[in-house]
Amino acid sequence: MNAENYVNRVSFELRDLPWGMRRELVSELRGHLEELPDGTDLDARLGTPERYAADLRAAAGLERRRGVVAFLRARRLRNVILAVVVVTLVGLAIGAVVWIDSYQPIAFAGSTQFPLDAKPSLGQAGQSVVFRKGHPFQYGVTIQNTGRFTVRVLGVPKSVVDFSAGRLLMSESTTGYPSERPLVRFHPFDLKPGEVRWLLIKGVYACTTGMGQGVSSTRVALPVRFSFLWRSATPLIPLGDPLTFSFPKGCPPPRTGSATP
Amino acid sequence: MEQAQLLKGVLELAVLAVIARRETYGYEILSTLEDSGFEGVGDASVYGTLRRLEQAGHLTSRLAASDSGPARKYYAVTPSGAEQLQAGTETWTGINAALQKLVDA
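Taken in sequence, the protein lines are chains A and B. Going by numbering that gives the first Met the number 0, 75 is the number at position 76 of the first sequence; the sequence numbering is gapless. Going by numbering that gives the first Met the number 0, 52 is the number at position 53 of the second sequence; the sequence numbering is gapless.
In case anyone wonders, no lab produced these hints; they're calculated from the structure. Just so you know, not all the hints are guaranteed correct.
Covered stretches of chain B (in silico footprint by chain A; criterion: 3 or more residues with CB under 8 Å from a CB of chain A, positions within the stretch not fixed) [claimed, not checked]:
#, segment
1, 45 to 57
2, 69 to 76
Estimated spans, in silico, between C-beta atoms of each pair [stated by the list, open to error]:
#, chain 1, residue 1, chain 2, residue 2, range
3, A, Arg77, B, Glu82, 38 to 44 Å
4, A, Gly38, B, Gly36, 21 to 27 Å
5, A, Leu71, B, Gly93, 42 to 48 Å
Glycine included, every Cβ here is placed at the ideal spot set by N, Cα and C.
The shape of chain A in the complex, shown without the other chains (with noise of 0.2 Å):
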């Protein structure tokens, strides 16, 4: 066995002393060995090295360390200090990949445009409608971004349960008037933090599901595509005054493979 080698597995068996008083016994024995005369059988003058650790420990009075406080103590306090710092900044990472994956600060504004038909409902919150298929629709809400961070809106997903059709307007302002004009086609815009906009569907009734005759069906929520760094997601933002369709009459399926009106 080389001298290397044999100072190699020394040191092994004291893996568990604090780390600089390792390397002063490590230190001591390669310059020991360095003494010995060339040629020199390690291990019969020696001993093996579990053996010279072993009466090292016994003459130095060094007992085998356990625990958490002496596996640490064994490392180099550089060591340690990078191995905390690197956990730090990829515990960091993730949470800030939870946090950002997570964020949705839009919120329903306060504000609701309901159709001219509509009615309070009877029993429960928000108004109601009567489907009429073709005749003029309304519908529109304002949304706040309550975070602390510009998101960009993206748009407002058709849904099954839209009962209408027509275009998605927006307001220009970004204060929250309690009067939505003036309007404009919708484009994605950025939502600053704080700021209100409206979102407005305008169009006319229409049968985007079937529904059989007398049942009704409530909008609770908006969904509202949005973005937010590499991110973007479709929440549905709760409504403060949902919107009930009752069908008298029923409305029929559109047929699969026709376009949308």
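Knowing the structure of chain A, use the given hints to seat chain B on it.
Relative to chain A, chain B alone:
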């Protein structure tokens, strides 16, 4: 009884005695011990003893460059080490005399 077993108890005194003569380093201490008839003392035991004595404040050490190879760690006896050597030697001499008496009787 093997000599090595008996030596363990006096190794500390022997090491102190060698260093008390003059400042010296590990390999030289080992050689001196062997030349003085302390055979079978393991190298590891001597280095372990040196460490324990230094921790106890009986020895001081300094690193000095050597002609060949890495720096050597030179040991010197402190006042408390000298006291330890004095007291230990007296105890040992006493035991030795008592044993001699038993054997002669």
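- request: May I ask which of the numbered hints given earlier this structure violates, with the numbers listed in increasing order?
  value: none
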